[in-house]
Amino acid sequence: MATTTAECLTQETMDYHALNAMLNLYDSAGRIQFDKDRQAVDAFIATHVRPNSVTFSSQQQRLNWLVNEGYYDESVLNRYSRNFVITLFAHAHTSGFRFQTFLGAWKFYTSYTLKTFDGKRYLEDFADRVTMVALTLAQGDETLALQLTDEMLSGRFQPATPTFPNCGKQQRGELVSCFLLRIEDNMESIGRAVNSALQLSKRGGGVAFLLSNLREAGAPIKRIENQSSGVIPVMKMLEDAFSYANQLGARQGAGAVYLHAHHPDILRFLDTKRENADEKIRIKILSLGVVIPDITFHLAKENAQMALFSPYDVERVYGKPFADVAISQHYDELVADERIRKKYLNARDFFQRLVEIQFESGYPYIMYEDTVNRANPIAGRINMSNLCSEILQVNSASEYDENLDYTCTGHDISCNLGSLNIAHTMDSPDFARTVETAVRGLTAVSDMSHIRSVPSIEAGNAASHAIGLGQMNLHGYLAREGIAYGSPEALDFTNLYFYAITWHALRTSMLLARERGETFAGFKQSRYASGEYFSQYLQGNWQPKTAKVGELFTRSGITLPTHEMWAQLRDDVMRYGIYNQNLQAVPPTGSISYINHATSSIHPIVAKVEIRKEGKTGRVYYPAPFMTN
120 MATTTAECLT
130 QETMDYHALN
140 AMLNLYDSAG
150 RIQFDKDRQA
160 VDAFIATHVR
170 PNSVTFSSQQ
180 QRLNWLVNEG
190 YYDESVLNRY
200 SRNFVITLFA
210 HAHTSGFRFQ
220 TFLGAWKFYT
230 SYTLKTFDGK
240 RYLEDFADRV
250 TMVALTLAQG
260 DETLALQLTD
270 EMLSGRFQPA
280 TPTFPNCGKQ
290 QRGELVSCFL
300 LRIEDNMESI
310 GRAVNSALQL
320 SKRGGGVAFL
330 LSNLREAGAP
340 IKRIENQSSG
350 VIPVMKMLED
360 AFSYANQLGA
370 RQGAGAVYLH
380 AHHPDILRFL
390 DTKRENADEK
400 IRIKILSLGV
410 VIPDITFHLA
420 KENAQMALFS
430 PYDVERVYGK
440 PFADVAISQH
450 YDELVADERI
460 RKKYLNARDF
470 FQRLVEIQFE
480 SGYPYIMYED
490 TVNRANPIAG
500 RINMSNLCSE
510 ILQVNSASEY
520 DENLDYTCTG
530 HDISCNLGSL
540 NIAHTMDSPD
550 FARTVETAVR
560 GLTAVSDMSH
570 IRSVPSIEAG
580 NAASHAIGLG
590 QMNLHGYLAR
600 EGIAYGSPEA
610 LDFTNLYFYA
620 ITWHALRTSM
630 LLARERGETF
640 AGFKQSRYAS
650 GEYFSQYLQG
660 NWQPKTAKVG
670 ELFTRSGITL
680 PTHEMWAQLR
690 DDVMRYGIYN
700 QNLQAVPPTG
710 SISYINHATS
720 SIHPIVAKVE
730 IRKEGKTGRV
740 YYPAPFMTN
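Count along the sequence shown from 1, then add 119; that gives the number in my numbering.
Read the hints as simulated data drawn from the structure, not as lab findings.
The reader is advised that the hints may include incorrect statements.
[As the list claims (entries may be wrong)] Below, computed lysine-lysine pairings styled on DSSO-like, alpha-carbon distance capped at 30 Å: (1) Lys341 with Lys420; (2) Lys461 with Lys355; (3) Lys355 with Lys439; (4) Lys239 with Lys667; (5) Lys439 with Lys462; (6) Lys732 with Lys234; (7) Lys399 with Lys355; (8) Lys667 with Lys735; (9) Lys399 with Lys321; (10) Lys355 with Lys732; (11) Lys462 with Lys355; (12) Lys399 with Lys420; (13) Lys321 with Lys355; (14) Lys288 with Lys234; (15) Lys462 with Lys420; (16) Lys341 with Lys355; (17) Lys462 with Lys403; (18) Lys735 with Lys288; (19) Lys732 with Lys403; (20) Lys239 with Lys288; (21) Lys727 with Lys239; (22) Lys667 with Lys355; (23) Lys732 with Lys288; (24) Lys439 with Lys461; (25) Lys234 with Lys735; (26) Lys420 with Lys461; (27) Lys234 with Lys321; (28) Lys288 with Lys341; (29) Lys321 with Lys735; (30) Lys321 with Lys403; (31) Lys288 with Lys355; (32) Lys462 with Lys399; (33) Lys321 with Lys239; (34) Lys341 with Lys461; (35) Lys321 with Lys732; (36) Lys439 with Lys341; (37) Lys643 with Lys439; (38) Lys735 with Lys403.
Let the hints inform the model, and build the full structure from the sequences given.
Take a look at the structure:
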């Protein structure tokens, strides 16, 4: 950061970009110029947004025009009386919402608001977008529409990027953030995967694929040895698909691939991200993830050799795909089985290679397979994650005939995401209602999503009703309250905050199941149905360990769930079930953090003033929330 500011620049000669850039320059007293960023917001709205916005004589005229010209989805509005719709828009506009930072305003108007089809003029402000999102997700429920509007305008709840810009539009992508799909060890599944990459990338963002079941390079095909090309060519095909398809130009295609650490192609897989990798194998835009079981760490601790098992042989011997076999549990018998081909690699050399690639490229992500499955209350096995590594759900395989029609539709995974701003949620006048409103809003995203182009995604979503309620602004809130990130008080607060969120989210899902007379498909086989899941909360002392954190919850008027409350919830869940198979996921919250003036996810900040490169715009500066001089 520079040490002084150029005094010769006056506000009259600076546009909003220049004012925003003043954040990166100290004033004559050595202070960060937060006021310049606020001036940048005002200048941006006054000199760019308003002159380039379409205006109307009334809200009624505006809505009629937007429907008739093909911008708004009339079916969303027709679920309500016209008087309620007009009143809700008016209510939203009296909220006094104001962007706190230039980057927040810039992000909203460049990536989220509705524009004319030529992209030159704005048709919405923030209150308008919030209202259309609320009307869409409430699906005719006036009370829920009003609650969603208030939660979003207050900054307590923020739907994820695909949901927030797409709700209520006639021309839109899907509302779903990302997708996770298995690939099985046959050409039909690989062909379907490439098609799914195109279809899903076109509709809504990130797509992750599981490669662990594919036979390794040199494996036999139809019993003829040394025929398989392994996972790399499949990765190349997927990368080409993502390069080609995006969501109406609003969101670039993005993909990830996950491979098990004990797959024979694991080193070749990692080497695709080396800076000096040969172009024939180099992977440029795909994200990589590695699934690592406990046994790998045990072998590294002992400085032992780790066995890499042929997925082709494992499936032939065990009768199920490699990814569905618990490697830690069956490791010794896999090693001893002469029918299964295997290679050996020093376990420490594997981790050394992994760390080298992470240092060069930032990849791979890591999913700790056994840790995840121990915590999983759902019947089935978790064997992969998504583009951001926060989604951990069970899946099941699909089967196809020669023309790629499904003969058995498995269950793949959708990510229906949105996040609470921790600081504003702690300030909520009704903490319970905030969580319930968010869960109901995200459940609507799941209920409204019907992605028929990939039947396994549609089937998985219909069976699970899974959502991911996330969190952001943890570091911002801690800073506001004078708590150091990572301190005992910070850990105490985070533990109890998520404890409270979990109770209210589960209770809302139970209420949904009771209201609808429906649970997620695998409820009866889950640890929720048996009541076993709740044991962890029916013992121990779930109260603040530090005086500071106790004061925070007392000041916020939040009652932490007691053993009696958990026991009652357990009984209700065992009686009525829960509607959502999965309820929480903590995504990285990129753009929505800026709009919401929050620190990203539950991560610490890396700079007082973040410097972002925004395409052709160049550098844009973002001050950390609640920071002062």
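Hints, verified against the model:
| no. | hint | verdict |
| --- | --- | --- |
| 1 | Lys341 with Lys420 | violated (39 Å) |
| 2 | Lys461 with Lys355 | holds (25 Å) |
| 3 | Lys355 with Lys439 | holds (26 Å) |
| 4 | Lys239 with Lys667 | violated (51 Å) |
| 5 | Lys439 with Lys462 | holds (21 Å) |
| 6 | Lys732 with Lys234 | holds (23 Å) |
| 7 | Lys399 with Lys355 | holds (9 Å) |
| 8 | Lys667 with Lys735 | violated (46 Å) |
| 9 | Lys399 with Lys321 | holds (26 Å) |
| 10 | Lys355 with Lys732 | holds (28 Å) |
| 11 | Lys462 with Lys355 | holds (24 Å) |
| 12 | Lys399 with Lys420 | violated (35 Å) |
| 13 | Lys321 with Lys355 | holds (18 Å) |
| 14 | Lys288 with Lys234 | holds (11 Å) |
| 15 | Lys462 with Lys420 | holds (19 Å) |
| 16 | Lys341 with Lys355 | holds (24 Å) |
| 17 | Lys462 with Lys403 | holds (28 Å) |
| 18 | Lys735 with Lys288 | holds (27 Å) |
| 19 | Lys732 with Lys403 | holds (19 Å) |
| 20 | Lys239 with Lys288 | holds (17 Å) |
| 21 | Lys727 with Lys239 | violated (34 Å) |
| 22 | Lys667 with Lys355 | violated (53 Å) |
| 23 | Lys732 with Lys288 | holds (29 Å) |
| 24 | Lys439 with Lys461 | holds (18 Å) |
| 25 | Lys234 with Lys735 | holds (19 Å) |
| 26 | Lys420 with Lys461 | holds (21 Å) |
| 27 | Lys234 with Lys321 | holds (20 Å) |
| 28 | Lys288 with Lys341 | violated (50 Å) |
| 29 | Lys321 with Lys735 | holds (23 Å) |
| 30 | Lys321 with Lys403 | holds (19 Å) |
| 31 | Lys288 with Lys355 | violated (34 Å) |
| 32 | Lys462 with Lys399 | holds (24 Å) |
| 33 | Lys321 with Lys239 | holds (23 Å) |
| 34 | Lys341 with Lys461 | holds (19 Å) |
| 35 | Lys321 with Lys732 | holds (25 Å) |
| 36 | Lys439 with Lys341 | holds (18 Å) |
| 37 | Lys643 with Lys439 | holds (23 Å) |
| 38 | Lys735 with Lys403 | holds (21 Å) |
Taken one by one, the earlier hints fail for this structure at numbers 1, 4, 8, 12, 21, 22, 28 and 31, listed in ascending order.
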